[in-house]
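Note that the protein sequences, when read in sequence, are chains S and W.
Counting from 131, one number per residue, gives the positions in the first sequence under the working numbering.
Counting from 131, one number per residue, gives the positions in the second sequence under the working numbering.
Treat the hints with caution; some may be incorrect.
Identical chains share a label here; the pair holds if one copy fits it or two copies do between them.
Dumping the calculated DSS-like pairs for lysine-lysine here, alpha-carbon to alpha-carbon at most 30 Å [unchecked claim]:
hint, residue 1, residue 2
1, LYS756, LYS795
2, LYS134, LYS541
3, LYS790, LYS665
4, LYS238, LYS463
5, LYS152, LYS463
Read the hints as simulated data drawn from the structure, not as lab findings.
There are 2 protein chains.
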Amino acid sequence: MLDKVLNARSVAIVGASKNKTKRGFQAIKALQNEGFEGEIYPINPKEEMIAGLCCYKDITQIDGPVDLALITTPARTIPGILEQCGKKKVAGAVIIAGGFRELGTRGKALEEEMIHTAQKTGVRLIGPNTSGIINLKSHMNLAGIPNVPQGKIALVCQSGNMALTLITEATVRKHEGFTYYVGVGNESDIKFHEYLEFFRNDPDTKAILMYVEGMSEGRKFLQEAHKTSVEKPIILLKSGRSATGKKSAGSHTGSLAGMNEVAKPAYERAGIIVIENSDELFPVANTLASQPAIKNNAIAILADGGGHATIGADLLSDYGISLPELTEQTRNKLRGILPQAASVVNPVDVAGGTDSDPSLFADCAQIILNDPNVGGLLIVGLFGGYGIRFEQSLAIGEEAAAHQLGNMVKKKKKPIIVHSLYSAYDSHALDLLRHYNIPVHDSLDVSCKCVASLCKYGAYLKSYHAVTNFVFNWHARAKKTGQQIIAKALEENRHVLLENEAKKLIKLHGAPTSVGHVAKNETEAWDIAKKIPGKAVLKIVSPDILHKSDACGVKLNLKTETEVKQAFREIIKNAEHYLSGADIRGVLVTPMAQKGLEIIIGTKVDEQFGPVIMYGLGGIMVEIMKDVTFWVLPVSPTSCKKMIEDTRSSVLLDGVRGHKGYDKKSLKKLISMCSELIEAYPEIEEMDLNPVILYEEGLDVVDARIILKKPLPGT
Amino acid sequence: MLDKVLNARSVAIVGASKNKTKRGFQAIKALQNEGFEGEIYPINPKEEMIAGLCCYKDITQIDGPVDLALITTPARTIPGILEQCGKKKVAGAVIIAGGFRELGTRGKALEEEMIHTAQKTGVRLIGPNTSGIINLKSHMNLAGIPNVPQGKIALVCQSGNMALTLITEATVRKHEGFTYYVGVGNESDIKFHEYLEFFRNDPDTKAILMYVEGMSEGRKFLQEAHKTSVEKPIILLKSGRSATGKKSAGSHTGSLAGMNEVAKPAYERAGIIVIENSDELFPVANTLASQPAIKNNAIAILADGGGHATIGADLLSDYGISLPELTEQTRNKLRGILPQAASVVNPVDVAGGTDSDPSLFADCAQIILNDPNVGGLLIVGLFGGYGIRFEQSLAIGEEAAAHQLGNMVKKKKKPIIVHSLYSAYDSHALDLLRHYNIPVHDSLDVSCKCVASLCKYGAYLKSYHAVTNFVFNWHARAKKTGQQIIAKALEENRHVLLENEAKKLIKLHGAPTSVGHVAKNETEAWDIAKKIPGKAVLKIVSPDILHKSDACGVKLNLKTETEVKQAFREIIKNAEHYLSGADIRGVLVTPMAQKGLEIIIGTKVDEQFGPVIMYGLGGIMVEIMKDVTFWVLPVSPTSCKKMIEDTRSSVLLDGVRGHKGYDKKSLKKLISMCSELIEAYPEIEEMDLNPVILYEEGLDVVDARIILKKPLPGT
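The shape of chain S in the complex, shown without the other chains:
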């Protein structure tokens, strides 16, 4: 429970100082100046009094209870201090010092010692390598950032500078403020997902804003995010996507940056609003914290000039948001109050209609939001600046409109977002909108992104029931024969299943595949092959040869006895040549598959998220176009459909150029089976079904490779 840590009622400053340039002095002054309601205990063996407070030799000397320690001393002192904190039953410690894992081997050892001490003593750690934390409600400012605005957003940040950026932005642009700020630092003890859980349960927090460079417990994070985002939105920017960015993040917080192809869709499945441009991070959080989500993906634009409307329509269209037609009734009502030149289709352009009375904006907004096709309203242009740009007296009408707009959102439960090119000016009308929690942006691009995020969050809330919760029920549907196949390999100290074993395993769980038979000599090969109605394929079977083609261990299109026997001989010869002394178990004889559409399915264990699955079309679509999709396992049968649709080539499955289309039902079943298999046999490290041939009806897993974990689990 982080309650005692983040809502601490008493704080000890370890490393308190009289030197005004030291963090140990500034931290105490910050608590005093901001009016922290709890106890403050300076700790410094050499001082009597600091900033008017009695100073303690060490934390155990304090009489009353201590919830939290802010430790400002260097890295090497930390384990010792934590021992004392443990004795004092301190709930948590914020560790400012850097110099741990981000500095390499020596730092890593020190970090491990620190974690060990923390676990032993029960003290929970924030950081190290953090800028600190702030609780805005109790005025516990342990980050040394002054004038942080209070509000409804919890900020969880893995870079002190990014926190400062977001806080500055909130201040300068008069956005919503914060409930808490947590600098996660190296995430040595308390993990991202624990903060999520805490903020989910905090009634004052309406949105959670996260800047992540890397996280160590990806799957637990997804699980908590999945629980959280249905209650309140999570807005996240993950940096370190590029190779250089990753390098930079690595030297920064010392944690591994995650692979974006896996992370982004996984985050989104957990309902997280993933942001890629840092400009959008705060405004989107602000919008989601204060405005209702849009459930029908449809928005109307209200403009007082063409340019903004056109750009806005372009951007929203890029985001896949519809600008629905307005009903005849809506259009008639708008015509009734707007000049003839006005455009009453969506985007609505008042065409000078508001020039003499900007309060008309509210009347238009009311009419538009009453339209059943419209899920929300984006006002773009000069609103809030009529009194500045034209005639001061017009400000009255704008203020009247602002009040009306503010009440409209509450009543209609449809959001209003305002873009105003006067948002940086002193405008009472815009301040009123902010008072009513209507976001005001000077950027049209950012305004559209906010609309898009309201749509995305709305869509998530609608589809929530269909989403898997990222929890494995290990061994759930394991079969005895399957366990035996794996056990046999393990007994032989193999971490690779032979092709026939792998095929047997997947067939056991319902995958359509020809297992075939292993021939020990050319006569056996022909005995098997001659029973195959069409042509045959021969493939080397050896635990030492993973890539059969590389070893010239595959022969296709074989029909006659001569062909089959010659193929057998050549395969064996090639294998011996490829790897002398290889453990050759024989040659697998299977029927040659009919032509169809080539599919690739693979699973692996991702460092951050655990088991993930990849799906895509084979050939150039995967190799050149990189048109594949990665999903964190397990996947529900429903989400298999979504997974297939995530690839651009999925339209091919529906049939093009006169083709009738392919058996998507069987494909979905196969993906489901893979998910089930990984859940059933935790011993599996990697599985490759490549190629799978998809037909108009049915499919055929032509090759299967399964690699087991090494070192084996439990050994």
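Starting from the known structure of chain S, arrange chain W on it as the hints suggest.
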């Protein structure tokens, strides 16, 4: 020549008024208040004096010369007023009124009447439907926007609100200002390209910033842009990309929004920096107006904290910009002045090294810019805010650094871009940077886009010699036989060449293709087919049947006499069934092409840009992945290479999965030939070579379709 119009020394205000709310009053006051240096003549038959100036009954009554008329009266009055302007030999008129083509048929007729009058009288028109123009140098403000900052950017804008947005941004963010503002409006007379020519020749303009919704003379614009961008950068945002955006732009300025797939690459070929997010428009123009271009696509980042460096590295990597390694010497020098925890690889992180003395930023910058691998520097983080965030006295060091940085750019000819989260605060150091023309941004995203634009512009300047100038030399390499083929079709009143004619034409210009022979009956068909070494293909020949497959008019893989004759009979029967009474010229017999890689090449006449060519891989790559590229013709042999590389699938041509690759040389030659053909025969409206089969060596144009212009040119 627009000189007399945009640099007018005398202005008549037609529709001058004593009513303070009228444009006809405000315009005069604006000229007076801003100190316009020329003559001002109010025109109003009912008044004697307006704003202290003598008022004239009509423009012809004025004694002195009049360069420019600002007409604020309604649409219907314009043609009459222009007649009078003509008599007075006024060089140009700015027409504010809307109510022309954007309102439909009636408005369009009025606009045409107006254009006719303008052409007859020689008066050049700006607008109609414009917010006006401003010459900041002569203080001729005819747009009614107050406090426009003067500077080095010419603003050409097709939306008054977007102009206001950009001017507001320049003011609020203390960016560079403007030389001119032109509201293009409906672009009825003076076109975008004429403004380009004017601003190219204006010595005070260092960059041209354009917001375009649609333009009527795309090709001339490209030609002027090509001449201009090598001298000064053009920065352009084209809105109306989406269907809804297009609709909105249509109702706005009444001009057709251009197809983005054609427009964007064409603009970029002409050296234009194309912007898609309106937030980036002004900052990029500001950067390009004030900083040297980056020629080696390589930048270094200097940061005072990890988060910004990581995000910046991600974004720059997305833009394809390299963050080169620093030399050993550079790293050693940095180590010499930075603390041990600092990162001296790129991104450089000072890791607290500037905390006590921010002037160190300049020393680091100096060392980094001396590195031969580095083309420019991006400083990210808190610079300019040390005095605000930490200790006021630190501002001195920041100011010292600002002076050094300013002089460094001048000396090293390498750009510096600064991201500062204190850019909205009052910081003398940041103001100093601005004084030295170093752009300062509060947005990290925008900062990176500015760097990317400097790289893009630098790359253009380097490759300028290889770019075609968008000028056709019509009929240049026409051949007599080719002209005869076209003439014959025209004589027959056909606007479609028969397949054999089309193939003859392209073969004449060197395209590898089997023209084949037309058989009139089945015996002739077999006579032709039996001479073909491999298999034959039979195809219907009829000017009435454009889509041969739809009419079941194609038979493949024919070998025997029976097959060929039967195919002939079926094709004729199918064609008669498909379109009874069709003009059937016979059946074309050609060799069956070998298998290879399917390519599509097509040309058409684009409404905005004239002839364009499309290239792409056939099959799913064009149909599903839309992996095609459109280029405005003509294309130089050099640019054919670039055109092929523009498709993502181009790697396929180099050979994958063990394939040796395809004959790119022949493909480039074929594209070149298409360009030559369109130039040689202006009668061609559309040409389709589909499919072209590409081999390891050589290629084969299997089908060709050429459609001629209709109505025919000159008739």
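Comparing the hints with the structure gives:
no., hint, in the structure
1, LYS756 / LYS795, "both (24 Å within a copy, 27 Å between copies)"
2, LYS134 / LYS541, "neither (38 Å within a copy, 58 Å between copies)"
3, LYS790 / LYS665, "both (26 Å within a copy, 29 Å between copies)"
4, LYS238 / LYS463, "between (69 Å within a copy, 28 Å between copies)"
5, LYS152 / LYS463, "between (65 Å within a copy, 29 Å between copies)"
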